[in-house]
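Letter by letter, the chains look like this.
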Amino acid sequence: MEKYETHTHDVIVIGAGGAGLRAAIESSAKGASTALICKSLLGKAHTVMAEGGVAAALANVDTKDNWETHFKDTMKGGKMLNNWQMALYHAQEAPERVRELEYWGALFDRTKEGRINQRAFGGHTWKRLAHVGDRTGLEMIRTLQEKGIHSGIDVYMECTITHLVKDGDRVVGAFGYWRESGKFVLFRANAIVLATGGVGKAYKYTSNSWEYTGDGHAMAYEAGAELIDMEFIQFHPTGMVWPPSVRGILVTEAVRGEGGILTNSEGERFMERYDPERMELSTRDVVARSIYTEVEQGRGSPHGGAFLDVSHRGADYVKRKLPSMYHQFMEFADIDITKGPMEVFPTTHYVMGGVKVEGDTCSSTVPGLFAAGEVAGGMHGANRLGGNSLSDLLVFGKRAGEGAAAYASGKSHAQIPAELVEGYANELREPFNNTQGENPYTIHQDLQDVMQLYIGVFRTEENIQKGIDEIEGLKERAKVLKIEGSVMFNPGWHLCRDLKSMLIVSEALARCALARKESRGAHSRVDYPESDDEKWGKLNFIVSIKDEDMDVATRPIIEMPEELSKLFTEDK
Amino acid sequence: MSVAKLRVFRGDAQGGEEKEYEVPVDEGMVVLDALFYIQANYDGDLAIRWNCKAAKCGSCSTEINGKPKLACKTRMDSFAEGETITVYPIKAFPVIKDLVTDVSWNYEVSKKIPPFTPAEDTEWVMYQEDVERGQEFRKCIECFLCQNVCHILRDHNRKDAFAGPRFMIKIAEREMHPLDVLDRREFAREEAGVGFCNITKCCTEVCPEDIHITDNGIIPLKERVVDKYYDPLSWLLRKIKGK
Numbered sequence: 001m002e003k004y005e006t007h008t009h010d011v012i013v014i015g016a017g018g019a020g021l022r023a024a025i026e027s028s029a030k031g032a033s034t035a036l037i038c039k040s041l042l043g044k045a046h047t048v049m050a051e052g053g054v055a056a057a058l059a060n061v062d063t064k065d066n067w068e069t070h071f072k073d074t075m076k077g078g079k080m081l082n083n084w085q086m087a088l089y090h091a092q093e094a095p096e097r098v099r100e101l102e103y104w105g106a107l108f109d110r111t112k113e114g115r116i117n118q119r120a121f122g123g124h125t126w127k128r129l130a131h132v133g134d135r136t137g138l139e140m141i142r143t144l145q146e147k148g149i150h151s152g153i154d155v156y157m158e159c160t161i162t163h164l165v166k167d168g169d170r171v172v173g174a175f176g177y178w179r180e181s182g183k184f185v186l187f188r189a190n191a192i193v194l195a196t197g198g199v200g201k202a203y204k205y206t207s208n209s210w211e212y213t214g215d216g217h218a219m220a221y222e223a224g225a226e227l228i229d230m231e232f233i234q235f236h237p238t239g240m241v242w243p244p245s246v247r248g249i250l251v252t253e254a255v256r257g258e259g260g261i262l263t264n265s266e267g268e269r270f271m272e273r274y275d276p277e278r279m280e281l282s283t284r285d286v287v288a289r290s291i292y293t294e295v296e297q298g299r300g301s302p303h304g305g306a307f308l309d310v311s312h313r314g315a316d317y318v319k320r321k322l323p324s325m326y327h328q329f330m331e332f333a334d335i336d337i338t339k340g341p342m343e344v345f346p347t348t349h350y351v352m353g354g355v356k357v358e359g360d361t362c363s364s365t366v367p368g369l370f371a372a373g374e375v376a377g378g379m380h381g382a383n384r385l386g387g388n389s390l391s392d393l394l395v396f397g398k399r400a401g402e403g404a405a406a407y408a409s410g411k412s413h414a415q416i417p418a419e420l421v422e423g424y425a426n427e428l429r430e431p432f433n434n435t436q437g438e439n440p441y442t443i444h445q446d447l448q449d450v451m452q453l454y455i456g457v458f459r460t461e462e463n464i465q466k467g468i469d470e471i472e473g474l475k476e477r478a479k480v481l482k483i484e485g486s487v488m489f490n491p492g493w494h495l496c497r498d499l500k501s502m503l504i505v506s507e508a509l510a511r512c513a514l515a516r517k518e519s520r521g522a523h524s525r526v527d528y529p530e531s532d533d534e535k536w537g538k539l540n541f542i543v544s545i546k547d548e549d550m551d552v553a554t555r556p557i558i559e560m561p562e563e564l565s566k567l568f569t570e571d572k
Numbered sequence: 001m002s003v004a005k006l007r008v009f010r011g012d013a014q015g016g017e018e019k020e021y022e023v024p025v026d027e028g029m030v031v032l033d034a035l036f037y038i039q040a041n042y043d044g045d046l047a048i049r050w051n052c053k054a055a056k057c058g059s060c061s062t063e064i065n066g067k068p069k070l071a072c073k074t075r076m077d078s079f080a081e082g083e084t085i086t087v088y089p090i091k092a093f094p095v096i097k098d099l100v101t102d103v104s105w106n107y108e109v110s111k112k113i114p115p116f117t118p119a120e121d122t123e124w125v126m127y128q129e130d131v132e133r134g135q136e137f138r139k140c141i142e143c144f145l146c147q148n149v150c151h152i153l154r155d156h157n158r159k160d161a162f163a164g165p166r167f168m169i170k171i172a173e174r175e176m177h178p179l180d181v182l183d184r185r186e187f188a189r190e191e192a193g194v195g196f197c198n199i200t201k202c203c204t205e206v207c208p209e210d211i212h213i214t215d216n217g218i219i220p221l222k223e224r225v226v227d228k229y230y231d232p233l234s235w236l237l238r239k240i241k242g243k
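Sequence order for the protein chains is A and B. Sequential numbering from 1 applies to the first sequence in our numbering. Sequential numbering from 1 applies to the second sequence in our numbering.
Extracted from the complex, chain A is given alone in its bound form (with noise of 0.2 angstroms):
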């Protein structure tokens, strides 16, 4: 076959968005030799488009908060079916972690004390979420990338992992192309930890950039890793509208967490009857669902959302707290929020269900495979409130980057088989050399027309089951690509394998969503609509790979103990 490269390191990482960084940094330091792998350069990973800021306990602002109430309000947002383990340390770490950023460099906005500022959120009691204006999760990554290239860690760029190699039960290795020249390379390793993040380029409106294509995902499902709640994805309540071509980009959650109102085109704010308590910072699922019942029930603004408005805050307020949603809105859409509303409607935006870890190491069902930030699951249940996901993959990053380094620790490399990297290798020449098949660009959009059609905000048996046999279709479409011109940086090609693990997710959240019965959280089934504490509350789902077909079952939640379930009870 064609000359590759390899690399040999203890630990690999795979994506550098946050929780790939801080799991590499940790990694690194426990003294593990580390390379970090991602498919763009270096700092423009998802966690750059990250806005409204990151929840923490750290009681700044509001004095009373502390993490037995972050790990409350996580726990209710997730509907209670989240892994409570992984709750209680996120709660309990995440301001440290966040603290951890302001001895790297970090320059968070400040209190009048000179500390770290907080602001409020949907679905947090205090105002807990340490922010930069609406640009926290730029401020995030750039504080990681630097101390990152200053640990000792090898940064691969532009690089795109493929396959998962295995010894037997564990992972040995990771397989896959350099997209500038399209060569192949093997990276082989003791411990992989996975950080590729999410999957909402399945869907057509989505706040997510192209690399969430939930390669991590898909990969260890192939590799025998188990996934949990997949029917969980959340629809970010405020999504741009119009113009067409910017429809699905985020407004931030930190619009409403700094007064922002919600209005229909009657004029109501209609979150008074939905949430009357918590009005327009509800939790995600709530607020989506109005929003949405609204524009069902023709009470939508001109191009079919929402009104969201902040004007009244005044414009060098808003300007000051808001900066990018401002200049987002003046040159996308000629819309100045300082003086009117804009238009939102819901955005796919995050994926609760991921791959199943423990919550100590982070470590996956396949041994010396880790997983942390959006592509692990459990943290959130079924339900994300907003500001977790930056501390979930402050707090899971380094716990994984722990996780790895110890179980790499003092193993030896195996030895993988010429004839495993050829196989790779040729089914990912395939589409080079078919003389007929399907345009990979044109499944592409079919399969985010039937995600958004079917697998949506609201669901029914009917419409799930609709949308299951199309990606079946899809899958049997997409088994013959064929692409244009030769391997170097050729998007086409690149797109053929981000396909098939889109195809894997997408198939993952329809049968998890045909499977579970009852609404809960960002999960609502019209035929469904209740919540069903009893049964369906009680039940994660699983899904794993059983003689090459898609296998769903159910598993007993992890029942809490004692000392943390009664911190719900004191509640009543």
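Calculated directly from the structure, the hints in this document are not laboratory data. Treat the hints with caution; some may be incorrect.
[Unchecked claim] Think about it this way: if two alpha-carbon atoms lie no more than 35 angstroms apart in a straight line, the pair counts; the simulated DSBU-like pairs of lysine-lysine are: (1) K183/A <-> K19/B; (2) K139/B <-> K64/A; (3) K112/B <-> K183/A; (4) K73/B <-> K482/A; (5) K475/A <-> K3/A; (6) K111/B <-> K3/A; (7) K339/A <-> K204/A; (8) K91/B <-> K183/A; (9) K5/B <-> K112/B; (10) K3/A <-> K19/B; (11) K67/B <-> K319/A.
Given chain A, put chain B in place with the hints provided.
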């Protein structure tokens, strides 16, 4: 729906040529959308870097009608009806393929800049007014458009001597961090070549984040360097200490 004509550079390090495409234009569409249309309908292998499509990641830097811009932020309705739109890779860096250039030099430079260094017994108290200057520089999305238009890099190709505007503000940001204790003035002068900048402000003009690169970053940095090297008292001290 109108139709726009795009002439896009297709080629690699060995050379290339413009290729013309016709693309239907929808309301609010940006140049990056037009490039996506070309990928999906004409040439699937057209190479362009992009990530967020929301002017937040700085990946899609190109030269559109000769002007350095983010393709995701350049609206199709900013061109006159019937105007042909040319799209080229940024010129200060070697072409890899089509609109993708080799910007790896920037990452090498970035790594050389001494990192944030706080005192060991730091009390982590900083006030808003003290962090605002640093926050302005930290808005940088690393699109490298400033590097692309800088005469020292673009016309004179002095990448051996000058780190470029992006990294001037990175050094400035460290220097102005309220809790940083390291002195990077020698680095700024000797390694990063701050003296090469002749303040034409081209970098500031193209910055999509409106960072006042020259006024707020490079000029104050130059002043600090001058204070160190040309202040008579420091000069005398250096003489005495033999440094």
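Which hints from the list above does the structure break, by number from lowest to highest? 9
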